[in-house]
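J.: Input sequences plus hints: build the corresponding full structure.
All residue numbers for the sequence shown refer to the working numbering, where the first residue is 1 and numbers rise by one.
No lab work stands behind these hints: they were computed from the structure. There may be inaccurate statements among the hints.
Stated by the list, open to error - Listed below are the simulated DMTMM-like cross-link pairs for lysine to aspartate or glutamate, each with C-alpha atoms no more than 20 Å apart in a straight line: (1) Lys156 <-> Glu35; (2) Lys156 <-> Asp30; (3) Lys156 <-> Asp83; (4) Lys156 <-> Asp78; (5) Lys156 <-> Asp75; (6) Lys159 <-> Asp75; (7) Lys159 <-> Glu347.
Unchecked claim - With beta-carbon atoms standing in for the labels, derived distance ranges: (8) Pro54 <-> Ala4: 26 to 32 Å; (9) Asp158 <-> Asp298: 27 to 33 Å; (10) Thr2 <-> Pro162: 28 to 34 Å.
Please read all numbers here as calculations on a predicted model, not as lab measurements. We treat Cβ as the ideally placed atom computed from N, Cα and C, and that holds for glycine.
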Amino acid sequence: MTTAATAAILRTAGAAPQLEPVTIEAPRPDEVLVEIRGVGVCHTDMVMRDGHLPVPLPVVLGHEGSGVVMAVGSDVTDLDVGDHVVLSFMSCSHCSSCDEHAPAYCHSWVPLNFFGARGDGSTALTDAEGGAVHSHVFGQSSFATHAVVNRRNAVKVDKDLPIELLGPLGCGIQTGAGAVLNACRVRAGSSVAVIGVGAVGLSAIMAAGIAGATTIAAIDINFARLDLAIELGATHALRSGDDFVALAAQAGCPAGFDYVIDTTGIAQLVNAAILALAPRGEIALVGAYAPGTEVRADTTHVMSAGRVIRGVVEGSADPQSFIPELIAHHREGRFPFDRLVEWFAFENIEEAIEAGESGRVVKPIIRF
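T.: Printed below as a string of structure tokens:
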């Protein structure tokens, strides 16, 4: 049985998506139909909108969705109608990375998340004229009132929290927090610098506090964001520049930072930050780097002191376990990600995207 829905369809790269009626096919045996209650706007949505990632058109973007299960496929045994779910990225479930509970490094991650279709090339959406619309971006395409998603995309959560708030846990929030807690495994008593304090960076700052870091330096050019970073646990707010060695000294780390989390995707800043790593220090590359971006480092500087340059996707998270972990931290008051949020109606999706893109709002969420 098909479902009538409304979706924000992107038909031209760089343009604003437009709300249009669509028809969604019934879930396949390994899928569920979700009524979307909230969806975060992520920087990656804008990167895809502008054609910098291989997403075909027309397409429905949106990949920080959350909602309520409305129908389940015949093979789905662990979700029921009425369950609350957070939607995250898609993975294949059978490559060596997935077998080792590292789905963020699935061997098929790019086609499953960016190609706008299921693994077999099919799409679940048609427009009012019956034309196919690419879906399943990050396995979900949640800029819509409903989405058909694979069971692996859906993380069941308790019903006592507002489900419309939780969608960003599936991408931006888990990316920042996971860079600290999963990828770098920040040690208690260590120093952490976070370059760029948007949603990803502020999530990393909160996670650094959870990990027990004693020096947490927020680095940005936006003074309002730096003030918020201090409120969320940063010990130092530093104006970004080219001399990160000097910034480390300002933060009381003359030997350098133990960990640096770069969320900006700006190679110049990464190159400077590598020079400010302490012996055995690590830098995590978390930002949305343009294809072809090159990071340069003196190999002697890196090798002689055991420094590490680490790539991180989706916070190196297994969403099925990590999203509940973040929710537990939120309940305990240690991860107040709700402070990043401003709400928008679906009909104001263009305003929500502008608010996120301009930096006026840290994490816009569209509420249905």
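J.: For lysine 156 and aspartate 83, compute the direct alpha-carbon distance and say whether it is at most 20 Å.
T.: 7 Å, holds
J.: Is it true that the CA of lysine 159 sits at most 20 Å from the CA of glutamate 347?
T.: 26 Å, violated
J.: Is lysine 159 close enough to aspartate 75, meaning Cα to Cα at most 20 Å?
T.: Measuring from Cα to Cα gives roughly 24 Å; hence the hint is violated.
J.: Do the alpha carbons of lysine 156 and aspartate 78 lie within 20 Å of each other, as the hint requires?
T.: Holds, because 9 Å separates the two Cα atoms, which is no more than 20 Å.
J.: CA of lysine 156 to CA of aspartate 30, is that 20 Å or under?
T.: 15 Å, holds
J.: Between the alpha carbons of lysine 156 and glutamate 35, is the straight-line distance 20 Å or under?
T.: 14 Å, holds
J.: Quick check: does the Cβ-Cβ distance between threonine 2 and proline 162 fall within 28 to 34 Å?
T.: Given a distance of about 29 Å, which is inside 28 to 34 Å, the answer is holds.
J.: That 27 to 33 Å hint for aspartate 158 and aspartate 298 (C-beta), does it hold up?
T.: 49 Å, violated
J.: May I ask you to test the hint 26 to 32 Å on the CB atoms belonging to proline 54 and alanine 4?
T.: 30 Å, holds
J.: Verify the proposed pairing of lysine 156 with aspartate 75, using a straight-line Cα cut of 20 Å.
T.: 16 Å, holds
In terms of the numbered hints stated before, the structure departs from hints 6, 7 and 9, listed from lowest to highest.
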